[in-house]
Amino acid sequence: MASIKFLIQSKRNPANIYVRLRDSTVDVKAKTPYVINSEKWSTSKGQVKNAKDVLSKNVQSDLEKLRLQILTAYNSNQSKGGINTAWLKNAISPKEEEIKSALMIDLIQSYHDEKIDSLAKSSLQKILSIKKIILKYQEYSGRDFQMNHIDLEFNEEFKEYLREEEQYGPNYVKKVVDMLKTIGRYARTQGIPTSYQLESLTAKPGKVHKIFLTLEELERIKTVHLANESLEAARDWLIISCFTGQRVSDLLKLNEESLTEMEGHRLISLKQQKGGKEVLLPIFPEVEEVLKKRGGAFPLKFSDQNYNRLIKEVGKLAGLDEPVKGALNDPKTNRKVEGVFPKWKLISTHIGRRSLATNMYGKYATPLIMSMTGHTREATFLQYIGKGQSHNALALAEMLSVKKTI
1 MASIKFLIQS KRNPANIYVR LRDSTVDVKA KTPYVINSEK WSTSKGQVKN
51 AKDVLSKNVQ SDLEKLRLQI LTAYNSNQSK GGINTAWLKN AISPKEEEIK
101 SALMIDLIQS YHDEKIDSLA KSSLQKILSI KKIILKYQEY SGRDFQMNHI
151 DLEFNEEFKE YLREEEQYGP NYVKKVVDML KTIGRYARTQ GIPTSYQLES
201 LTAKPGKVHK IFLTLEELER IKTVHLANES LEAARDWLII SCFTGQRVSD
251 LLKLNEESLT EMEGHRLISL KQQKGGKEVL LPIFPEVEEV LKKRGGAFPL
301 KFSDQNYNRL IKEVGKLAGL DEPVKGALND PKTNRKVEGV FPKWKLISTH
351 IGRRSLATNM YGKYATPLIM SMTGHTREAT FLQYIGKGQS HNALALAEML
401 SVKKTI
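Be aware that the sequence shown starts at 1, since it is given in the UniProt record's numbering, and climbs by one per residue.
Hints may be right or wrong, so weigh each one.
To be verified - Heads up, simulated DSBU-like pairs for lysine-lysine below, C-alpha to C-alpha not over 30 Å straight-line:
| no. | residue 1 | residue 2 |
| --- | --- | --- |
| 1 | K121 | K332 |
| 2 | K293 | K332 |
| 3 | K126 | K159 |
As the list claims (entries may be wrong) - Computed Cβ-Cβ distance ranges for the label pairs, DEER-style:
| no. | residue 1 | residue 2 | range |
| --- | --- | --- | --- |
| 4 | N16 | L135 | 46 to 54 Å |
| 5 | K204 | S141 | 20 to 28 Å |
| 6 | V26 | A379 | 39 to 47 Å |
| 7 | E160 | A227 | 45 to 53 Å |
| 8 | D304 | V337 | 50 to 58 Å |
Think of the hints as simulated: they come from the structure by calculation, not from any bench. None of the values given here were measured: they were computed from a predicted structure. The beta-carbon is built from N, C-alpha and C at its ideal position, and this holds for glycine as well.
Start from the sequences, fold in the hints, and give me the full structure.
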C-alpha cells in the first residue's frame with residue numbers, strides 16, 4: 001500500500017516542505033510549493049506542529065489536500081512502472097494540457113512555424129499565402145473552418161470559389177488543395193480530428209507549358225551584343241543555369257567557393273536548398289567559357305526579380321520572337337492568362353533547369369541528368385520534360401526495328 005510522508009530537509013526559516021511517496025517498488029521524493037518555519041514542524045509526525053496561527057493551519061490543510069491529490073493520481077495510474085520523480089512533480093503541480101486549436105488558419109500558422117528552420121523561404125511564403133486565401137474564403141462564406149470541416153463537399157465549394165471568384169488557374173487550385181491535405185496530415189500528428197474524406201480531396205491540374213531554350217537559341221543568346229554589364233551578367237547566369245540545371249535559389253548563390261576539383265576534374269559543389277541535397281555538378285564547356293571570361297569568377301549577383309526581368313530582355317535582344325503557347329501574369333488581376341506570346345516573354349527563372357533536362361535527355365544517361373536536376377523518380381523527370389511513360393518503350397522499339405534491318 002502506498003504511503004505518503006511530508007518532510008523538511010533544513011533548519012532554515014522558511015524551509016521547503018518535501019513529499020515522499022513509497023510503495024513496494026516505488027520510492028520517490030519531490031519538493032512541494034509549500035514552506036514552513038522549521039521550529040513549527042514535527043519531524044516525527046511529518047506535519048505542522050499544533051500551532052495556533054492561521055498560516056500554519058492553512059499549510060497543514062493544504063498538505064492534506066495534496067496528500068489526497070497524489071494518492072488519487074497514483075491509484076488512477078494503471079502502469080506503475082511510470083512512477084518516478086517527474087511523475088510525482090506533475091502530480092504535485094499538474095501541467096495544464098495544451099489546448100490545440102482545430103481552426104484551419106491556426107493549424108496553417110502552426111505548420112508554418114514548425115517548418116521555419118527546415119523549409120526554404122519561398123516555401124514558407126507559399127504556406128502563408130494559403131493562409132491568406134483561407135481567411136478570404138472564410139470572410140466570403142461567413143464561417144470559420146475547423147480541420148474536420150475539410151471534406152469532399154468543402155473541396156468542391158472551395159475549388160469553385162478559387163476558380164470563379166479568385167480567377168485562379170487549375171494548377172494553382174491543385175497546389176492549394178494539396179497544401180490543405182498536407183495541413184490535414186499535420187493536424188493528425190497533433191491529435192486533432194480530421195475528416196475521413198481528407199485523402200480523397202482532388203483537383204485536376206491544367207496543362208503545363210514546358211518552355212525551354214534549345215541549344216540553337218542558347219547559341220544566339222551567347223553571341224548577341226548587349227549594351228551594359230547588367231544584361232551581360234544576366235546572360236551569363238542564364239547560360240550557367242541552362243548547363244547546370246539549378247533552381248534560381250541555388251543558382252544565384254554560386255561563387256568561387258563552389259568550385260572544387262576531384263580526380264583531375266573541375267566540379268561545382270553545392271547544397272540544394274529544396275531537400276538539402278549535396279550535389280556535385282560537372283562543368284560544361286559553356287560554363288567554363290563564362291568563368292574564364294570573368295577571370296574564374298561568377299557574374300554579378302541579382303535579386304530573383306531583377307534576374308527574371310533581365311533575362312527576358314536578353315531573350316528579346318537575341319531575337320527569340322517565335323510565337324509560343326504559354327501563360328503570363330496579368331498585372332491587373334495578378335492571375336495567369338493563357339495565350340500565344342513571343343518566346344522571350346515566357347523566359348523565366350525556371351527555364352534553366354528544364355532546358356538542361358530537355359537538351360541533355362537522350363545524350364546522357366537519365367540518372368546522371370537527374371542527379372543534376374535533383375529529381376528522384378524517373379517518371380517525375382519524364383513528366384517534367386514532357387516525355388510520356390511510353391517514350392522509353394517506343395525508343396527501345398525503334399532501336400530493335402533498326403537492328404532487324406541490319
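query = Any of the earlier hints contradicted here, and which numbers?
reply = 2, 6 and 8
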